[in-house]
Amino acid sequence: LITKTDSNPYFVKMKQGAQAEAKKLGVQLKSYAGKYDGDNQSQVNAIEACMASGAKGILITPSSTKAIVPTIEKARKAGLLVIALDTELDPANAADMTFATDNFHAGVLDGEWAKAKLGAKAKDAKIAFLDLAVSQPTVGVERDQGFMKGFGIDIKNPNKWGDETDPRIVGHAVTGGAIEGGQKAMETLLAKNPNINLVYAINEPAAEGAYQALKSVGKAKGVTIVAIDGSCRGVRDVQKGIIGATAQQYPLMMAKLGVEAVYKYAKTGAKPKATPGLDFFNTGTNLITKDPQKGVPSIPVKKGLELCWG
Amino acid sequence: MVQSPHEAQRLERDAQRLEQPVAASAAQVAEFDQDRSLRHRVQHRLHMTPSLVPLFVVVASIAGFGLLVGPGFFSAFALTLILKQVAVTGIVGAAEALVILTAGIELSVGAIMVICSVIMGQFVFAYGLPAPVAVLGGLGIGALIGFINGTLVARAKLPPFIVTLGMWQIVLAANYLYSGNQTIGSDQIDARAPLLNFFGGQIQIGGAILTYGALTMIALVLLLAYVLRHTAWGRHVYAVGDDPDAAELAGVKVGRVLVSVYTLAGLICALAGWVLIGRVGAISPNSGQFENINAITATVIGGISLFGGRGSILGMMFGALIVGVFTLGLNMYGTDPQWTYLLIGLLIILAVAVDQWIRKVSA
Amino acid sequence: MVQSPHEAQRLERDAQRLEQPVAASAAQVAEFDQDRSLRHRVQHRLHMTPSLVPLFVVVASIAGFGLLVGPGFFSAFALTLILKQVAVTGIVGAAEALVILTAGIELSVGAIMVICSVIMGQFVFAYGLPAPVAVLGGLGIGALIGFINGTLVARAKLPPFIVTLGMWQIVLAANYLYSGNQTIGSDQIDARAPLLNFFGGQIQIGGAILTYGALTMIALVLLLAYVLRHTAWGRHVYAVGDDPDAAELAGVKVGRVLVSVYTLAGLICALAGWVLIGRVGAISPNSGQFENINAITATVIGGISLFGGRGSILGMMFGALIVGVFTLGLNMYGTDPQWTYLLIGLLIILAVAVDQWIRKVSA
Amino acid sequence: MEPILKGRNLVKRYGRVTALDQCDFDLYPGEILAVIGDNGAGKSTLIKALSGAVTPDEGELYLNGQRVSFASPIDARRHGIETVYQTLAMSPALSIADNMFMGRELRKPGFAGKWLRQLDHDRMARIAREKLTELGLMTIQNINQPVETLSGGQRQGVAVARAAAFGSKVVIMDEPTAALGVKESRKVLELILDVKARGLPIILISHNMPHVFEVADRIHVHRLGRRLCVIDPKDYDMSDAVALMTGARQPDKAA
Amino acid sequence: MEPILKGRNLVKRYGRVTALDQCDFDLYPGEILAVIGDNGAGKSTLIKALSGAVTPDEGELYLNGQRVSFASPIDARRHGIETVYQTLAMSPALSIADNMFMGRELRKPGFAGKWLRQLDHDRMARIAREKLTELGLMTIQNINQPVETLSGGQRQGVAVARAAAFGSKVVIMDEPTAALGVKESRKVLELILDVKARGLPIILISHNMPHVFEVADRIHVHRLGRRLCVIDPKDYDMSDAVALMTGARQPDKAA
Ligand SMILES: Nc1ncnc2c1ncn2[C@@H]1O[C@H](COP(=O)(O)OP(=O)(O)OP(=O)(O)O)[C@@H](O)[C@H]1O
Ligand SMILES: Nc1ncnc2c1ncn2[C@@H]1O[C@H](COP(=O)(O)OP(=O)(O)OP(=O)(O)O)[C@@H](O)[C@H]1O
Ligand SMILES: [Mg+2]
Ligand SMILES: [Mg+2]
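Residue numbers (the numbering used here), protein chains in the order written: chain A, 4 to 313; chain B, 643 to 1005; chain C, 643 to 1005; chain D, 73 to 327; chain E, 73 to 327.
Among the hints, a few may not be true.
As a list, the in silico SDA-like pairs of lysine to any residue whose alpha-carbon atoms are at most 25 Å apart [what the hints assert, rightly or not]:
no., chain 1, residue 1, chain 2, residue 2
1, B, K799, C, I935
2, A, K124, A, I156
3, A, K163, C, Y769
4, A, K26, B, L819
5, E, K255, D, D93
6, A, K270, A, M54
7, B, K895, D, E220
8, B, K799, D, S141
Here are some of the chain B residues that sit facing chain D, going by a computed Cβ distance under 10 Å [as the list claims (entries may be wrong)]:
no., residue
9, A874
10, W875
11, V882
12, A888
13, V894
Because the hints were derived from the structure by calculation, they are not lab data. Remember, predicted model here, so these are calculated numbers, not experimental data. All C-beta atoms in this analysis are idealised placements derived from N, C-alpha and C, irrespective of residue type, glycine included.
Construct all of the structure, not just a fragment, from the sequences and the given hints.
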């Protein structure tokens, strides 16, 4: 199992899920991780180490969906089963199978919900974007651009954020996906425009940081925050009203399915199949909110808490 | 640079009440040089008090951004926000500055900070210890890690860069392993151990919001400035950084000074970890991985030589503020984050270039 | 450490054919010290050829992991895999080592590497230029960035740490802005500009797979070792790092040497960018952000003093290999990544401690 | 009479160089002992061994008949042995006063000194200035100026002033007048005699034969890492001494 | 006769210290000119100005009557002015041979030297050893040993040997015998006379009056940053010179 980083709880959960499943099936699992989000080289090294030590299959959440492909091809040629988790490769068929969520779609759900929630005010909303990193890793961009799409902002180049001209955007700031970063980013954007009333956060820790920043200047009420991930902490934040809505994803399920697939492949040589109609196996995304909006599919908090991870 | 000796003295006083808007004094920049003896006096002052130079850059950049961003930047809110944002970096930077003064470098500062905040949290929430014990435990472990660094540097004579590079990785990894990557939220902290959140408190004066964290940074830096200038230990720190062989021959216990400096640095980092809890309102093992780079940047911009023995810790604080001012200013001006990143890179170089230039003309 | 003078000579020869499995020579470690004059000769050899020490650590750690991981680690495949994995770090490390020998530090190495690989890609795919022009363009821009660094260090007399810290941020941000975050895939490269992928090529001898990238690293390091030892420029690099004032008085054009070193470092980083394309098979603007830390680690583990003027560039390569051996060994052993980081941290310290210790007993 | 400082069979090797080769050494109370010898004869190494800056590989050291071994210069200083090193041992970026009082700073009296551990900069500056004035080093304009801005001779003067001011049992000077001007050298020689008058024995290393013959009570001739002989300046003249130390002449008897 | 090296109204300030204060200077062909003065009088600063190590704030410099200004020591060396600095200007970690040939390394003949730019380490080591042997510095055991492992005097010997070997117009020596032993000092004085016999003029800064009076043709007395007077050693004795340079006596006439 090769994850993007070990510092993001999302991947930590994924690792734990995989370990639990591996133990159940009696499979030997080795894990690797990059040093930072976007660290392609560590992942290349990890794949090579797997090949050298005679692994049967690789589960990977690619840091760079395109740059990892040549190495993956080598691994597949060497007879390893390669499964992409969470993030699709580019092209998707470079892996034997992908168990993933559609990050763009998760963003779209957030955006649509926020648009409906603000209703008439959506026209002149003041939005803060709390993104992942200046290097613009794929996930961050997909989620961000999905949100804009859902909210009805012209996203220009879908592969990068920051090129939009919509006046409703107060600004982008980077958080590193952590509370501290979220807080600092929010403070900065607030200093720029104190009238922000909608916050898009790359993940729930960033959202939590944003909430802290808002609270410390007495603006906790009246600002809507949306996030993506669906960790139990995050869902509870939705419950408490800190986060308006979060798009929930399922790292544990991805990991479990992935380990199973490798197990099956090692036993029988059978490769897993994709969700009909898609080129990957969609583990799904659900919007969780206390305040469902019409036309935006969502599940209640209670259901979310059952499905949540971490 | 500055207009009169009184001005110069005032700038120095400002160092001690930076919290107040310093905008006024910045407007009259770049007009001096009528009276030669006056100029000489100013130059002499700059020469004797090297931290005035980064202070000048701080003031100038605040003025600059004021013009650029508009009066919003001069608001007490924005100016105190800068202080708030640099508090953690400033404290970690103080630890870094101490080590750099001994011609060392400390790459594990951020890691020590994070693990100490996590330890404080775990002591309370995993082991159920009372909050004061947890805080003491965190501080103690910070000092212990520093002590190990110091011992390896001073006794085993390993290069500080390597010791702390290794320690950085060790501590970060230990942190993830130990914390299990769990975040402890503000509600939990408020409910069970409000002491951990102590530094989140703040004093409000008009629009100015001074967090205890920011005040702690200022107090710590002033205290260290006093210690470095006015105690034997402080002089020894400079002597060790300047030329350790000469210091040893002249009767300084170089090893002991080094160990004490690294231990103190570890302790200060642990304090930074506590402040971090208050700052973030939560305990998250994901912070501060690269705080070492921020701390070194602040130290070097502040005019402390990486070769040791030269510079003032006040300068470090102004260095941190320079970065803080640029970051906030550029963001408020609305530059794209990538451009901000680029411009900060440029301005780091520029700030030091201005510093060097002032030193030259005032030499 | 080593058993006879012949052994010592053999170790040195090994430096030049590290590609072959060196396992055999590692089995007989830690048994010397019967014959005093023999020991003295070995010690003298170690003293004169400081890069033997990290080489010894490389060999010992290969042996250690062989025992730990099993014979799989001794396979030609695994051993050449290490070379392949450290090729990029080794090349960037060569640039770093040059700068560190002048008592500088170069934090922008990784950033220069990435932007040059991106530039090569963009020249071909965005502007439709022929691949050789694109490669030259990339190399030229790498040298140019290095030249700017060097000029700021040598002429404006800014501290290298600050110059390259700023440059690191500037170049990374410029890279993101310029690349528009586009990755260029291997299919595109193979179709339109196979030259960019040149360093992905490899020679296979039995199970041993030598990529051109790895061979380039070895050739580059040997070339630089020759230049540093046997040309006037090389001696001047050492003199500048040792004591720039003395070097200037003794007739070395310190400024010019510094500018040439940084420019060459930039050029080598650009070469690393080209090798990186071959290594990964794609061009991704997200690589190499923290390659500077790897490069510095390799350099310092390899025994080059951060204070300049002391050490050998061969040592840097062995330093990179030490890290490579540990990383692959731990990866193959299957330790959890956090444990891997922790152990690597520990072993960085240990490697240097062993190095220091050997130097001491052989002094 | 029992020597106050005695060395026996001292050996110190640097790699393949044997800088001290079974060297003996005696310093008697109240005397001025000059150590002369060629460049590289091992004089500096000898006094480094006596002052704790270097730990000899073999051999014994006795202070007042007691076996001692110094782990560091601080150790030796604590026993009252004060040294002017050939390399001067100054921190270039620190001020003259800081350097003079390095390792034995004066604190303010009362609360500030006791509890705040505050240094008495003024008093230290005053004393430093007095000591330098005694040596006639009045060209120094500012006692708080960093040592690196001093001329070579001024630096040496500061180092000599430091040792003379603080020595309590033995004062060792490794070429204290090498970079000094005529007038300043005179002052140093007077100072050496002053120190002797205070009852302290002095070890003086110097290449300046007139100086040596002017002040020394006995002369230790060092050659090839060991004591060749000890001579009395009243019985020998300068050319004899030079002949001995360069090996042109064999010693006939030891004093 | 026209001076070979002439300075007029040279001024150099370091912050508030004026190290050179409208100083004049003349060196005539083929002579040995001694510069004497108190510590801190500005002698080193003067010769740094002459050798390009320091750029004077004001004043002119003439070489063979031509106005020159040296941007760096290399500039001065290119004009044939070779200097032994008081700080010696050596790279401690490099070998003796490397230091001697720093900045003017010898390359191997033929292809290796021309195209591979390979240095001729052997030849450089041989020449370095010869030069040192001429100076009688035979206690040095290994020409490839780093300079930092040499004794103070050995280091100074290396620096002197370097300047003497390469000077073509003027050789400047700032206290070349300060750390040298009696025998080695003799050798340096002989070497100075040798160099003079080769027709080169020499500037010698020294605090050692016997040495100065032994070799100098003229003596430039430096005081408080300027030339007080120039005296002929045949007309004055040492005590006169000392009286002049310490200010105890006023100069009556200038030479
Ligand atoms: N740190 C060192 N490493 C290696 N060799 C050394 C070291 N220090 C001194 N030596 C060698 O030891 C010998 C004695 O040196 P020492 O400095 O004691 O001589 P000295 O008598 O003081 O000479 P001088 O009169 O020139 O100062 C010399 O040959 C010198 O090269
Ligand atoms: N880099 C510097 N910065 C500040 N002041 C300096 C510097 N160099 C020299 N000075 C001052 O200039 C004056 C002259 O110094 P210089 O070294 O020329 O004296 P000198 O005549 O060579 O003395 P000595 O005989 O002791 O070597 C001294 O007062 C010294 O303190
Ligand atoms: Mg000596
Ligand atoms: Mg001088």
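Against the structure, the hints:
1. A hinted pair counts as satisfied when its Cα atoms are at most 25 Å apart, and K799/B with I935/C qualifies at roughly 22 Å.
2. A hinted pair counts as satisfied when its Cα atoms are at most 25 Å apart, and K124/A with I156/A qualifies at roughly 14 Å.
3. Of the pairs offered as hints, the one joining K163/A and Y769/C holds, with about 20 Å between alpha carbons and a cut-off of 25 Å not exceeded.
4. For the suggested pair K26/A and L819/B, the alpha carbons sit about 20 Å apart, so the restraint of at most 25 Å is met.
5. Note on K255/E and D93/D: the hinted pairing holds, with a Cα-Cα distance of about 22 Å set against a maximum of 25 Å.
6. A C-alpha spacing of about 19 Å is found between K270/A and M54/A, which places the hinted pair at or below 25 Å, so the restraint holds.
7. Between the alpha carbons of K895/B and E220/D the distance comes to roughly 22 Å, so the proposed pair stays at or under 25 Å and holds.
8. A C-alpha spacing of about 23 Å is found between K799/B and S141/D, which places the hinted pair at or below 25 Å, so the restraint holds.
9. Evaluation of the A874/B hint against chain D yields a held restraint, the C-beta minimum of about 4 Å falling below 10 Å.
10. At about 8 Å, the closest approach between the beta carbon of W875/B and any beta carbon in chain D falls short of 10 Å, and the interface hint on this residue holds.
11. The criterion of a C-beta within 10 Å of any C-beta in chain D is met by V882/B, whose closest approach is roughly 9 Å, and the hint holds.
12. With 10 Å as the threshold, the beta carbon of A888/B comes within range of chain D, its nearest partner Cβ sitting at about 4 Å, so the hint holds.
13. Restraint check, V894/B versus chain D: the minimum CB separation of about 5 Å is within 10 Å; hint holds.
Of the numbered hints stated above, none is contradicted by the structure.
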